[in-house]
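Visitor: Protein chains in written order, with numbering that gives the first Met the number 0: chain A, 0 to 543; chain B, 0 to 218.
Since the hints were derived computationally from the structure, they do not count as laboratory data. Be aware that a few hints might be false.
Stated by the list, open to error - Each computed DSSO-like pair below joins lysine-lysine, with the alpha-carbon atoms no more than 27 Å apart:
#1 111/A - 73/B
#2 29/A - 57/B
#3 145/B - 111/A
#4 57/B - 111/A
#5 145/B - 50/B
#6 318/A - 381/A
#7 151/A - 80/A
Spelled out, the chains give:
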Amino acid sequence: MTKELTPQEMLRIDLTPPNRDWMDIPTVIKPGIYCYPAKPEKVEAVGMPNPHVWSPLDDDWGLPEDWKETFLEGMRERLNKHRSFKIFMDICVRCGACADKCHFFLGSGDPKNMPVARAELIRSVYRGEFTKAGQILGRLAGGRKLTEDVLKEIWYYMFQCTECRRCSLFCPYGIDTAEVTIIGRELINLFGLNINWIQEPVANCYETGNHLGLLPHTFKQNVEFMCMDIEEFVGIKIEPPFNRKGAEILFVTPSGDVFAEPGIYTLMGYLMLFEHIGLDYTWSTYASEGGNFGFFTSLDMAQRLNAKIYAEARRLGVKWILGGECGHMWRVVHQYMNTFNGPPDFLEEPVNPLTGTKFENAKSAKMVHISEFTADLIKHGKLKLNPKRNDHLKVTYHDSCNPSRGMGMFEEPRYVIKNVCNNFYEMPENTIREQTFCCGSGAGLNAGENMELRLRGGLPRANAVKYVHERYGVNMLSCVCAIDRAVLPASMEYWVPEVNVCGVSELVGNALIMEGEHERTTDLRGEEIPGFAKAEGEEVTEDV
Amino acid sequence: MTIHCGLKPTGEENGLLLTPESLFKGGIVGRKIHKGLREILEQKKGPIVEKWRKHIHKSYPPETAQFLQREKNKFSNPIGSSIEESIWPLYDQLIGEADPATTKKLLDNLVRVRAVQDFTPASAVQIIFALKKIIRKEVFGIVQKKGLVKEYLEFESEIDRFGLLAFDVFMECRERVWEIKRNDLLKRPYLLSGGMCPSYMMKRGIKHLEKLKKEITQH
Numbered sequence: 000m001t002k003e004l005t006p007q008e009m010l011r012i013d014l015t016p017p018n019r020d021w022m023d024i025p026t027v028i029k030p031g032i033y034c035y036p037a038k039p040e041k042v043e044a045v046g047m048p049n050p051h052v053w054s055p056l057d058d059d060w061g062l063p064e065d066w067k068e069t070f071l072e073g074m075r076e077r078l079n080k081h082r083s084f085k086i087f088m089d090i091c092v093r094c095g096a097c098a099d100k101c102h103f104f105l106g107s108g109d110p111k112n113m114p115v116a117r118a119e120l121i122r123s124v125y126r127g128e129f130t131k132a133g134q135i136l137g138r139l140a141g142g143r144k145l146t147e148d149v150l151k152e153i154w155y156y157m158f159q160c161t162e163c164r165r166c167s168l169f170c171p172y173g174i175d176t177a178e179v180t181i182i183g184r185e186l187i188n189l190f191g192l193n194i195n196w197i198q199e200p201v202a203n204c205y206e207t208g209n210h211l212g213l214l215p216h217t218f219k220q221n222v223e224f225m226c227m228d229i230e231e232f233v234g235i236k237i238e239p240p241f242n243r244k245g246a247e248i249l250f251v252t253p254s255g256d257v258f259a260e261p262g263i264y265t266l267m268g269y270l271m272l273f274e275h276i277g278l279d280y281t282w283s284t285y286a287s288e289g290g291n292f293g294f295f296t297s298l299d300m301a302q303r304l305n306a307k308i309y310a311e312a313r314r315l316g317v318k319w320i321l322g323g324e325c326g327h328m329w330r331v332v333h334q335y336m337n338t339f340n341g342p343p344d345f346l347e348e349p350v351n352p353l354t355g356t357k358f359e360n361a362k363s364a365k366m367v368h369i370s371e372f373t374a375d376l377i378k379h380g381k382l383k384l385n386p387k388r389n390d391h392l393k394v395t396y397h398d399s400c401n402p403s404r405g406m407g408m409f410e411e412p413r414y415v416i417k418n419v420c421n422n423f424y425e426m427p428e429n430t431i432r433e434q435t436f437c438c439g440s441g442a443g444l445n446a447g448e449n450m451e452l453r454l455r456g457g458l459p460r461a462n463a464v465k466y467v468h469e470r471y472g473v474n475m476l477s478c479v480c481a482i483d484r485a486v487l488p489a490s491m492e493y494w495v496p497e498v499n500v501c502g503v504s505e506l507v508g509n510a511l512i513m514e515g516e517h518e519r520t521t522d523l524r525g526e527e528i529p530g531f532a533k534a535e536g537e538e539v540t541e542d543v
Numbered sequence: 000m001t002i003h004c005g006l007k008p009t010g011e012e013n014g015l016l017l018t019p020e021s022l023f024k025g026g027i028v029g030r031k032i033h034k035g036l037r038e039i040l041e042q043k044k045g046p047i048v049e050k051w052r053k054h055i056h057k058s059y060p061p062e063t064a065q066f067l068q069r070e071k072n073k074f075s076n077p078i079g080s081s082i083e084e085s086i087w088p089l090y091d092q093l094i095g096e097a098d099p100a101t102t103k104k105l106l107d108n109l110v111r112v113r114a115v116q117d118f119t120p121a122s123a124v125q126i127i128f129a130l131k132k133i134i135r136k137e138v139f140g141i142v143q144k145k146g147l148v149k150e151y152l153e154f155e156s157e158i159d160r161f162g163l164l165a166f167d168v169f170m171e172c173r174e175r176v177w178e179i180k181r182n183d184l185l186k187r188p189y190l191l192s193g194g195m196c197p198s199y200m201m202k203r204g205i206k207h208l209e210k211l212k213k214e215i216t217q218h
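Throw the hints in and build the complete structure from the sequences for me.
Guide: Structure follows, in structure tokens:
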């Protein structure tokens, strides 16, 4: 993605960047940082405005003539609709507490990636166009007018924020910069300027129920492929139920688990767990996606895509919903679903059928996280486990942003890991739990063309992984998010190549002793487990 | 003197995957720095490395440079800490007998981050060459007084060599980025890229049929 240098550029080697006000430093859009634009047909598929072909490197972005009025009208509408947005525009005192908390700033060194500065890109337009002080005093009051260059700058940086909300943790006023990004992206979407890595999953999800666009039979087949692998590695034949009316529980997980490596091993873990405890549940080939890229487009789109989960739960007549290992799905479930498409009065308060535990935290949305569910099963001694099968792994745990900061789930995954693994090491305190660093590619930024951006954003997390790798020999980074599982391997490949990535349920699947299983000599990836390999003619006996 | 910077001058190395040894082939292993000069460079280590650190920080925008200097926690300041952890031992490698593995690791620590940031290749590796100016300013007066100018010039060539090695590491990192991009694509060929996903093929087939039908009706 390099471009040819001009003679002028050839003669200039930047030793120190200029010291000027941020408004005077023009934004240069660079390949490797941005994602490809949305395909017109994918914009059209969900009835969004201005589907067109354009390139971020072109001068002309194909904006409609009245784009400025549309943007400002859109902003006015949102300022009135979302009180939070209005407050976030007004109350920031630019104290800088958030400035150095963003993984993109820490990895890129670009000051416009300080959360305060990123929000300031929009805030300056708010001041310049909506407040009297800004309209009269302009820059003196921190305001500026909306121009095409300003719009381009906003576009560039709204897609350099993963909405992880680490910055909001440190803001003394509680400003949630992720919400500014959410509104910023909504405004961008008024002109068909989404990125394709978000838009195509949105269109797919709308058409087929999942981001990958898997039709029902393909979805079913892929889950069945995983069952064939389980049969080979574990010796248990599983026939998972699909679209079964009258099941007690509907299971929903991100479609990345059905197709993408290493998510598929996590999916094998789910299948084995449900089989082992004889759970009365069903998969759905319609609500076949837990993730919601609509959330990275607009709140309306998030609502439209989310609706299928409750609709399917109603259609199948289940009592409650169990959710797989996903990131932003849990932020949507925990903070939005109930008001988006609920309250789901037709569902019951989730109760673990095996232990009788009431999941009171899920009383309103009626959806329980798989780690909460598994932790409860382990706590009540419902699982037979051999953690020694994971002894070759030295595991650390990456708190995925949304389940940790978005729903406050810190202990359950750790409890599960400590029960299925003997070697667990925490990363440093200021990089885990509510202070966790983002994987660097969330919120729809997990494309391939923006790899430089992803690697920059992944640096703070990788830096902490590198520390536990060097100190304790950690070789496995576990997490509970499908995007994490999809993107952390690339980040590790660059920063700490000795470390692999897995889902927590994969570790559970490896340790789970199932009734009728054969000798387990390989893990769910089909790789030999050191110390469990069967020598020729020798029976393997497990020392539990 | 030939400087082999690792990019297969002899065809022996395995592509771009540099080993520390291949980095240093025909390079700095076994070199000797004049004892008197080395003493001067050791005495001035503190001010030199501190100025060097400042120079590296200043290659970032001013707000960032301030932050890199201020924040001491390793995990809250990954760029700053990788600089801090690299420059002191790297200076020791430069003025002492360089150990290939250590030097490669230190250069890697310094350059890997810059290879994915907003730097041109030249701006990324200039931080090594910048040492010449910093050291010259600090010690050249003493060197002249002690009549070690010839030895000093030889030492400056060593800095050039470190700079070229840094460029090798930079290129290795860039190649790695491309490999990762490629792997990312190969590992997930079905993900939104069409082609191999059965349901995509089916959808495409349906669209193709519709197009054919349309054409037939038109005719």
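Visitor: Has the given pair, residue 145/B with residue 111/A, been kept, meaning a C-alpha gap of at most 27 Å?
Guide: Distance ~49 Å between residue 145/B and residue 111/A Cα, so the pair is violated.
Visitor: Compare the distance between the alpha carbons of residue 29/A and residue 57/B with 27 Å, and conclude whether the hinted pair is satisfied.
Guide: 22 Å, holds
Visitor: Taking only the CA atoms, is the gap from residue 111/A to residue 73/B under or equal to 27 Å?
Guide: 22 Å, holds
Visitor: Does the structure keep residue 151/A and residue 80/A at a Cα separation of 27 Å or less?
Guide: Roughly 25 Å between the alpha carbons, so the hint for residue 151/A and residue 80/A holds.
Visitor: Hint check: residue 318/A vs residue 381/A, CA-CA at most 27 Å. Holds or violated?
Guide: 21 Å, holds
Visitor: With a cut-off of 27 Å on the C-alpha distance, tell me whether residue 145/B and residue 50/B pass.
Guide: 24 Å, holds
Visitor: With a cut-off of 27 Å on the C-alpha distance, tell me whether residue 57/B and residue 111/A pass.
Guide: 17 Å, holds
Checked against the numbered hints above, the structure breaks only hint 3 and satisfies the rest.
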